[in-house]
Every structure is written in C-alpha cells, then in structure tokens.
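With chain Z fixed as given, assemble chain W onto it according to the hints.
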Amino acid sequence: MNPELQRNLWLELSPRRLVLMAVVLGLFFFAAAVTGRTAAAMVETARWLYYVIVVVWGTRNAAFGVVGEIRERTWDGQRLSSLGAGQMMWGKLFGSTSYNWFGGALCLVVILVDLIVNRGPAVALIELVYYLAIGVLSQAAALLASLIAAGRRQSHSQFEVFLYQAVGLAAAVGVYLIWAIADPAGSLLAHVRPSDFIVWWGQSWDARGFLLISLAIFTGWTLTGCYTQMRRELKMRNGPYVWLGFLVFVGVYVAGFDAWLSDNRLLMHLDAVARRLLLAGTAYGALAYLMVFLEPKDRVQLRWLGGAFARLRLGSALAGLQGWMTALIAALLIGVVLIVWLNPSLSDQVVFGAMLGFLTRDMAVVTLAGVMSRRNGDFAAVCALVALYALLPAILHGMNFESGLALFLPRAGSPLWLSPAAAWVEALIAAVFAIGRIALEDKPASA
Amino acid sequence: MIDVKDLVYEYPSTRALKGVSLHVAAGTITALVGPNGAGKTTLLRCLAALEPPYSGSVVIDGLDTRTAPRAIHARLGYLPDFYGLYDALSVRRILVYAARSHGIAQALAQGVVEKAAGRVGLLDRLEAKAGELSRGLRQRLAIAQAIVHEPAVLLLDEPAAGLDPQARRDLSTLLLSLKDLGMTLVVSSHILAELEDYCSSMIIIEDGLIVGGEAIKVRDVERPRYMLEIATARSDLKSFLAARPGVDVIEADQHHALITHTKNAAARAKLIRDLVSEGFEVSSFGESSKALEDAYFSQLGQGR
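From first to last, the protein sequence lines stand for chains Z and W. Going by my numbering, the first sequence opens with residue 10, and the numbers climb by one from there. Going by my numbering, the second sequence opens with residue 3, and the numbers climb by one from there.
For the record, the hints were derived by calculation from the structure and aren't laboratory data. Just so you know, these numbers come straight off a predicted model, no measurement behind them. Check before you lean on any hint, since a few could be wrong.
Said to hold, decoys possible - In silico EDC-like links for lysine to aspartate or glutamate, alpha-carbon gap of 16 Å or less:
hint, chain 1, residue 1, chain 2, residue 2
1, W, K117, W, E152
2, W, K20, W, E208
3, Z, K244, W, D66
4, Z, K244, W, E53
5, Z, K244, Z, D85
6, W, K265, W, E289
Only chain W is shown next, with the shape it has when bound in the complex:
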C-alpha cells in the first residue's frame, strides 16, 4: 500500500530524511517510532503528499506523490499532531465540511457525519462547538474528520499525546476497528507503551534513517512473544530453547529468555514440561507485554 524508495527531504540547513526506503502492507497498523527530532513528522508529511521529496519516490496505493498528489489526498486521512480544528464551528459543521470537501454529496453528508461521529463516540456532542471540547474530545473529533470519507490510508501523528488512560484505550479500540475495515494505518509516536496494543509492525527512524533498513514485525498473532524466567541461573538456557522445535530465541541470559513460539496451548504446555523435566526451575512464563519496547531497544543503534 505504501512504498518509499530512497526518500531524501531537506530543510534549509538540515537533511531531515537521508534516503528512507520502506514498505507498508495493506490492512496493517504500523508504528513509526523514534526519538524526538528523528524525522517522523517529516516522513508522515511526505507520505501525505504535503511535502515534495528532494529526491526519491513515495508511492501510495500505486500513485506517486509527485505526479498524482491530489488523487493521493483523496485516498488519505491525516491526523496532524496539532488537531487543525475550526474552534468556532460545531462538531456537526466541521464534519459536514470535511465530508463535503472530500467529494461526498450534500444528500449523503449527514449520514457519513453521524457514522464518523458514532465511531469516535461523539454522537451526543454534534452541536457542541469544537473550541468548547476537552483535549480528548478534540482528538476524537480530529480523527472523525480524518476518517469521515473512509480513506484507504490513515496517517496519525502522535494521536495519543496528552490523553488519559481511558482515552488511550478507546483510541486503541478505534484504530483496531479501522484496521478491520480494511484501512492501512501508520501511527507515529515516541511513546512506545501506547502503540503496544494495536501495532503489528514497527519502523524505527533515527536521525533521518530507518534503523535496520526495514519494518520490524512486533506483533504476530500466530507467534506471540513470551518471556521466560527461571529461579536458578543456567548457562545452557539459550541453547536448550534454541534446540526446541518451533522456538525462536530473540534474546536470553542465564535467568531470562525472550522467545517467539506458537500460540497453541498444548505446544506451550509441552515446552514447559520439557523445561521442567530438564531441571530448569521455571518461575514465570507468559506473553511479553513489552514486545514493542523490547524490539525497539534491541534494534536502536544497531544494523543501520
């Protein structure tokens, strides 16, 4: 759905993107992570055909941003890190304008507005002015504005910044439901915890380059990550696990191991039995809740 090749983007005194290449598959949620100032927002703006590349190419749904920017805009939803709302207008009018300006006919506008408002839980606020909404509600309105025309690609820049835990959970649910509708989402953030719940792959950007050169799969439904802990140190933990069929060791020391393994319960039970029968004192075994963070820190600064 998104193909970027050797993308270079320059600011007057800075080369912000230094030859970025990446591929994002259709119907996925990809996290775009990296430290502040790494080039995440610049990359998103290039993907949105808002900034022309200095060199290289960006292709969205088969269309090049240089030659068909308006066709790309029609297929795209974009949530900037500031929300870009008209504070003096009501929620309904903002969404009607967003729908109409994306080519939705007047007769259909009210229907799609209510659908989008319903998706983000704003149906009861349609007559409220945007300037009177809380930050969390403004964020929901901005997302509704970006999805009102049901775009094929949705780009979100720091969507959860400043949200409370409940709002973040609601956001996760919403993004997963949008993915289920067939949208391709790219979500930028420098807070890994908020991406954990919904991202299936991760692109790490640092100093204008993709770390490792490609997206990293961080959430595989069939092969989740598991963290194993043993009570007594064993230097052969890693080699033992590596020899088991269906086990991939991501990293391990004498007490811990981070592995991927089939989600099948019987297979997991067999693995635990094997460990115990081999004398490993298993004190903990469970799905890793920090898969994204583990992957991020294992990749950062390596293999660029």
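This is chain Z alone, in the form it adopts within the complex:
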C-alpha cells in the first residue's frame, strides 16, 4: 500500500472513530425516518449528510492535508522521504479525507438502495458517479489551493485554510450546477432550467455529454495541478508547459461560449471574434486574481526573478514566472489584440485599455501588500482594492464629481483618455513601490 495513504489511514480510521461515525449517522437516519415517517426523509437526510461530511468537511480536511503537516512541523520530514509526487498526492487526497469517505459511504448506501429500489440500477449508477465526482473534485480543488499556497511557509491561519476550502466548495457548486443542467429531468436543482443542447464554438452539442466531458477534463486538470504543485513542494522541477497548456485550454474552452453573450445588452454590438477575445481575456484576468492571492509573494523569489531577467537568463526567468504573471501576460496580450480588433470603436478601446491598466495595478497592489506583510498582506490588499473600486468612487459620486470616477473605474468618460491614463499611471506607481520593496534591505542574519 502507498505508505502515505497507510499513515493517513492509521491516523484517521481508528476503531473508535469508525464506531462513532456509524453510530452518529445511524441516529441521524433513525431520527429522520421517525420524524419524517417516510423512507424519502431518510434518503434526503443522507443526501445532505453526504454533502456536509464529504464536501464541506472533506474539503477542509483536504486543505489541511499539507497545511496541517506544515503546522505540525512534519512536512520537512515528508519532503525528505523518497515518496514520488504521485504517491504523496494520492496519499494525501484520499488519506486525509478517508474518514469523510467512510461517512460518505454510509450515506451512499442509503441513497443508492433507495435509487435501486425506486428508479433502477442504471440511475443509481449515474447518481453514484455524480456523488463521487463532486467529492473528488471539490477535495482535489481544496488540496490544489492549499498546495499552491504552501510555498508561503507560514503557519496558515484559519482564515487562509477557509479560503483553500472555499476553492473546493466553489468547485463543488460548479459540479452541482453542471449536473443539474446536464440532467434533462432537472431532478437535482429545480432552479436551473435544463437544456438539451449547448452551443460551443458555433456548434450545437448534446448538453449532458458536453458537460460530463467538461467535468472529466476539469477534474483531470485539477489532479494534474495537484501533481505538479506536489512536485514543486518536493523540490522537483516543473517546466512551464503544464500551466501554459492549462491557460491555452481555458482560453479556447471559455471563448467557445460567445453565443451566450450575443443577447447581452452591453456587448451585443461586438462581433463573435471580439466576444471570444473578451471571454478568454476575462478568464485570464480571473485566473490572475485567483493566483496572485494564492501564490506566495516571496520577496527573495521575486528578487531572483528580477535578477534573472536583468542578466538576460531568459530561460530560467521564464520558467520561474509565477502563475499569476503568466495569466496577466496572457490577459494583456488578448486585451491588446481585442483593442486592435475593435478599431475604430474608440469608446470600447478606452474601456478595455483601462481594464487592462486596472488589472495590472491590482496585481502590483496585491504583490506590494504581500511583500510588505507576509501575514496580513492579502487582507490589506483586499481592503485596498475595496477602497479603490468602491470607497473612493462612492466619495467622488457623493461629491457630484462624476467625471472623476474614471480615475478608479474603467469608463469612457470625458476626457476620453482619462480612465486608461489613470489606470496605467496607478499601475506604474504601484509597480514602482512593489519593486522598491522587493529590493534587498540587508539586516543582521538570522537562522
């Protein structure tokens, strides 16, 4: 057996804990059956308990898989082992959540018995795939988020662990919605209108097949991400190709949904190419925001990166780019192409030019806050962004200085150049401050 999985099973699955889980779940099922007076009530309880145990609690345990080792100071010992990245990843993913899967399995027994009896084995099998998918993907996403952030090498506060868990929960919500849309009967989520077909890159695709394939591909990318991040933690070198491949995939995948924007009042004047560029650029921007918060803002690493570029060691420098930097570059490239494509729609060009400036500024602000304070940098960055996007515009609005809003929000105001100019000046100022903080201030050595 995988030694890491075995160690986790020793820790998680003690006989006392197993009995406790079985007894507590049994009491829940019994209480539901007694109070609801139907088997359906018990099954519904089992469904909710599955979500709580496997998804909510499981994502937390998955997020703790590595963070807990860092906190308990056992991670260095693990990194010094001979375990491969794959062994470590699978061992952590299914080992740290093994107790959750034990509880989830008890819930699944109740759910599946009901489905087999009332709807047949085929439906039961499909439901089983759904429950396993939502559990694995959400836990893998939480583990991935924690691994990306593991490089911070700090104690990882409860709030930070919650953020990693939230990434997993967001993935679970995605699976939930996709499954609901893919189910023509709409049995899983009444509020989502089922659709038989999805238009992607101008072609009509069977909705269920398309979404299930998408789910499988994203699960594959999430597990690949866990694997490459685990390699990094084990000091193995990763080339830039996995992340670049993911960026290309996301850009192509998201751009295919341009038909969804065709009836949007603000964007309906854009042609299909512009809509696709906009979607891909937006996805890259969103990835840049996600990664800049998750990845370590390590002053030494950033300083080394700057030195590599300064010495024209381009191979090392490009390989050392962080995920948010690559996503930002991709967003800027797509943005520039979009602006050129939009010619001569000046107001659109101004707005998109400003958006790129504000995106760059935000990356510099988050980096600056991160290098100024390793512990509270992310919170300070969120406060700064709230001030820039909400507080200051609200003050200007309150003072009836509407044209000044262009200083902080991407708008085609008067004068037209104000918004992009302000955005890029702010980006430049934030970048200069960030680079200044990254530069070495030599203090007495410490071990």
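Showing chain W alone in chain Z's frame:
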C-alpha cells in the same frame, strides 16, 4: 562527501548566508557551531536540499541540490531542532512509515524498524504512542526515524538540546557508532560541551560566514591537545616548547601552554623529563578536555 561553494541564501529582508564554502570529509562527525542566529539551521536546510540556494552550489555525495534534490533526500537523514513526530502514532508505526517512505519494502520494514529502535534503545517502547514519550525518548525516536534507512549523510540540528546528562552521553555513544558504520554526520549546536565527545572537526559560523574560511580539526586521535601548567612563571615557556620536536604550540603564556603532541606515552614522558630538567616546575600535564571550546574562542572573531 559534502561540498559547498559560495552559498548565498536570503530571507525576505536578510541575507542569512553570505557566501559559505566548506568541505566535509566522508565518515567524519563535524560540529557546526556559532551563536544563535548565525545561520546554522539555514545552512543545514540548504545541505538537506530543503531550501534552494539564492546562488552558489551545494553538492552532497556528488549530487547537486538544485538538479537532484530527490536523490539527495534518499541519501540523507535529517533531525530538525523540533522533532517532527506524529504524536498519535505508535513508535513502531512511525518507524514503519519512515522506512516505507524511504523505499524499504514492506517485507523488510519490520526488520529495519527493530534495528533502528534497538540502536536508540527504544525496542521496549515500540507500542507506545509518540505523544506519551518523554523529551529524551522523543529525541531518540526522531533519530531512529532519521537513520532507519541508513543514510550516507546525517544532519542533526541541536540534537542534545534539553537532554539530561545521561541522555547526552547516550547520544554521544550513538553518534560515534553511526560514524563507525560509515555515515557522515554534521551536528549543529551552540553548546560546545555537548559536541566535545564525538566531533572530529568544527565549522564556526557567525553572521552568515564561516569563520576562518574552513573547518577546524579539533580532535585528532594521533595528536591530541594537552594542557601544561607550571608553578613558577617562565617567559621562555612558549619558545622552549616550540623548539621540541613533535610539539605544536596553539597558545601559551608564562604559566600555561596548550599544545598538540603525539599520543605516544614514551614521547610524552620524554617531553615532561625535558621540561623538568630545564627547570620548569610542572604542576599539571594532561589531555585538554576543552579542545573544542579552546578552538572556538581562539577562532571567533579572527581571520574571517
């Protein structure tokens, strides 16, 4: 076995190692000493391929930490200053996990576990939970965890901190036995007395630099250090000793001299006879028990 060249390591606002170069020979025990905050732990972590150098290189057993970190991890045992144990697991399970995670097959694991536990005197505690052990026993367990796969290089960070005198003596015996097995050991500490018994050379690190630029031989089996004391002051003590064949004077004043000399008893007796016949009132002559401390304080702050 260990070669470090111009190693620079930086923390966000501090350059912790400022161009460290050193060589550690195979099959030796080297002390890594220096004041708190000098960079000892950082250097050990760089040697363990846990931290990448900002610049410079670290080569362990012919492998560079930048290009082959996992191969180095397989050859290495590391005892951190905190022990890094799973308190909820038994001693046996901790050691089985350590063995299995170092690539030892399931069928062989129990054997190597018992061997490692026997080396540190934990055979009778195999079923005890790590969280229930005393500090001394936890330290032994951590060492067993680090040596279960019989690594070529063993790095120990403050291994004797907080141990009682008996446990320290046991530690000395254990480390010497590991050296005899062919392991290369680097032991970091800021308490010199605990290193005295087992270290053959010493690297002094201060403010991120190796003092004197290289390791200092502090324990030479063939040429131990001797402390000589005379009852009546003589200004020619140093010159007299320096003129004797086979004598190297480390330091001397009118009453004392610290020398190295062959361990041969007849040669020592002749030296004492010469001293007495020359009118030196020898009141004490014996092997120095503070060789490491003497060397440390004679080097600190010099020749950097």
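We went through each hint and held it up to the structure:
{"no.": "1", "hint": "W/K117 x W/E152", "result": "holds (10 Å)"}
{"no.": "2", "hint": "W/K20 x W/E208", "result": "holds (10 Å)"}
{"no.": "3", "hint": "Z/K244 x W/D66", "result": "holds (12 Å)"}
{"no.": "4", "hint": "Z/K244 x W/E53", "result": "holds (9 Å)"}
{"no.": "5", "hint": "Z/K244 x Z/D85", "result": "holds (11 Å)"}
{"no.": "6", "hint": "W/K265 x W/E289", "result": "holds (9 Å)"}
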